[in-house]
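**Q** Please put together the full structure from these sequences, using the hints given.
Now for the letters of each chain:
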Amino acid sequence: MAAPAERIPAPAVAEVDRTRLESIFNAHHVSVWRALRRRGLSAEAAEDATQETFVLAAEKLDAIRPESERSFLIATALRVAHTLGRKTVRWELDEDMDQRLSANRDASDKRADMQLCDLVLSKVDPDLVEVFVLYEIEGLTSPEIAELLQIPLGSVASRLRRAREQFRDAAARIEKSLQKEGNS
Amino acid sequence: MNRPSADQPPAAPDRLLASDATDFERRMLEAALQKKPSSAASSRMAKALGVAMTIGTTTTATTVAAGATVTKVAATAGATAAWPWVTVGVLGLVVGGAVIGTRAGREARPPQSSPPAVTVPAPAPPAPATAPAKPALPPEPPARAVTSSPRVRAATATSELREQVALLDSARQAMSDGESRRTLEIVRRYLDRYPSGTFRPEATAIQIEALMKVGRETEARALAERFVAENRGSLLAKRVADVAGLTAR
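Chains as they are written, first to last, in my numbering: chain A, 1 to 184; chain B, 1 to 249.
Hints were generated in silico from the structure; no laboratory data involved.
Only a predicted model underlies this, so the values are computations on that prediction, with no experimental measurement involved.
We put the beta carbon where it would ideally sit given N, CA and C, even for glycine.
Heads up, a few of these hints could be off.
To list a few chain A residues with every Cβ distance to chain B over 10 Å, as calculated [claimed, not checked]: (1) Gly40; (2) Met114; (3) Pro126; (4) Asp127; (5) Leu160; (6) Arg162.
Label-pair restraints from in silico Cβ distances [said to hold, decoys possible]: (7) A:Ser177 to B:Ser38: 28 to 38 Å; (8) A:Leu149 to B:Ser234: 40 to 50 Å; (9) B:Glu219 to A:Ala63: 30 to 40 Å; (10) B:Glu219 to A:Glu44: 42 to 52 Å; (11) A:Asp125 to B:Glu230: 44 to 54 Å; (12) A:Gln150 to B:Gly245: 39 to 49 Å; (13) B:Ala18 to A:Arg162: 18 to 28 Å; (14) A:Asp17 to B:Glu230: 32 to 42 Å; (15) A:Asp62 to B:Leu17: 49 to 59 Å; (16) A:Ile151 to B:Ala222: 46 to 56 Å; (17) B:Gly245 to A:His82: 40 to 50 Å.
**A** Shown next as structure tokens:
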């Protein structure tokens, strides 16, 4: 029996859930910005791209599951970065930076630690560091990273393992170097 | 991201911070989490998005006043009786539309080398309670001009969608106002500008209804037949078939 197509049920008109947008902005905009900075965007460009990311999120709020908000946002941010034609870049720190870092440490430990962290991460292979950062720092799960980077789960595990080795090696070397400078 | 499952695989290793990181490694990882945009940058982003921002947990919560975006969104939602489903999927884009405007405003300001750490702008003036009954034809999209600046090139990916939505909303509004000829003019502009536009089916559906209303029924039915054939089974195809007096299959 053919049903007449007399009335098309309109989807419920959902009010834009500003409260949720606000909530996810406050919870995740720092992570999003950080992810964009790690993609090599300047602070200013990262700010714009962060806005774009949340604009895109606002369009799809209903489709974003609460437990996937952060991974959705970071995935979106990386796509936004991709559309900007930016590539993942290594932190451009040179040997001079080591000197400055050692000088900075006493004056401002927190800031020096951030720079040290950049230095350590710069020693990790660029192909691996992203998985490391997403897992160890941003707290994404392996399946989330696999989907985000469009790589098999096994590749996430292997990249993470290798990234950890490189991170720990680099951290140990830099720590040793700092200790040596402290003793001299 | 629409993943079928958020389950973590059993083999996922413990995170370094939660397991055997050395003190130095721990310091590095914790330092990485300290990297964040400045308070001023966060405030600007929140304002552009029209959301309130809570700054920090150790200081008094600071709210950045949202602009008139909410009112605009609400007004738009209320004006979609004729073609509700057209707007439902893209309503959020209207929010995005405000971003361009806000950002353009930011671009226009003289650069501030050192903005205050936490800037709380004065609350935006209250927006009109009702949307204009008859919006003007959408102006030439501001985003086009804005994108010439590299500073806002990040907007390019979505600015075109916003322009599309603005045109489509105008067409729907014109249709709601009973201005079929104006509707046709807007739809034609959309179809000319976006021959492969995301909302081309919606635009065509509106066009068919407008054509019927101005008495160009033969043209409307021809378009409708083609539309139904190309979009068989879709809600829009059924709607179009209904409007044009065809039988949807």
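**Q** All hints, please: hold or fail.
**A** Hint-by-hint comparison with the structure:
1. Gly40: With a cut-off of 10 Å, A:Gly40 remains clear of chain B, as the shortest Cβ separation is near 13 Å.
2. Met114: At about 5 Å from chain B, A:Met114 fails to clear the 10 Å cut-off, so the statement is violated.
3. Pro126: holds (16 Å)
4. Asp127: holds (19 Å)
5. Leu160: violated (7 Å)
6. Arg162: About 13 Å separates A:Arg162 from the closest Cβ of chain B, which puts it past 10 Å; holds.
7. A:Ser177 to B:Ser38: 28 to 38 Å: holds (31 Å)
8. A:Leu149 to B:Ser234: 40 to 50 Å: violated (33 Å)
9. B:Glu219 to A:Ala63: 30 to 40 Å: holds (37 Å)
10. B:Glu219 to A:Glu44: 42 to 52 Å: At roughly 51 Å between Cβ atoms, A:Glu44 and B:Glu219 fall inside 42 to 52 Å, so the hint holds.
11. A:Asp125 to B:Glu230: 44 to 54 Å: With Cβ atoms ~49 Å apart, the hint holds.
12. A:Gln150 to B:Gly245: 39 to 49 Å: This hint holds: roughly 47 Å between Cβ atoms.
13. B:Ala18 to A:Arg162: 18 to 28 Å: Check passed, 20 Å falls within 18 to 28 Å.
14. A:Asp17 to B:Glu230: 32 to 42 Å: The hint (32 to 42 Å, Cβ to Cβ) holds, given that A:Asp17 and B:Glu230 are roughly 34 Å apart.
15. A:Asp62 to B:Leu17: 49 to 59 Å: The hint (49 to 59 Å, Cβ to Cβ) is violated, given that A:Asp62 and B:Leu17 are roughly 34 Å apart.
16. A:Ile151 to B:Ala222: 46 to 56 Å: holds (49 Å)
17. B:Gly245 to A:His82: 40 to 50 Å: Because 47 Å falls inside the window, the suggested range holds.
Checked against the numbered hints given earlier, the structure breaks hints 2, 5, 8, 15 and satisfies all the rest.
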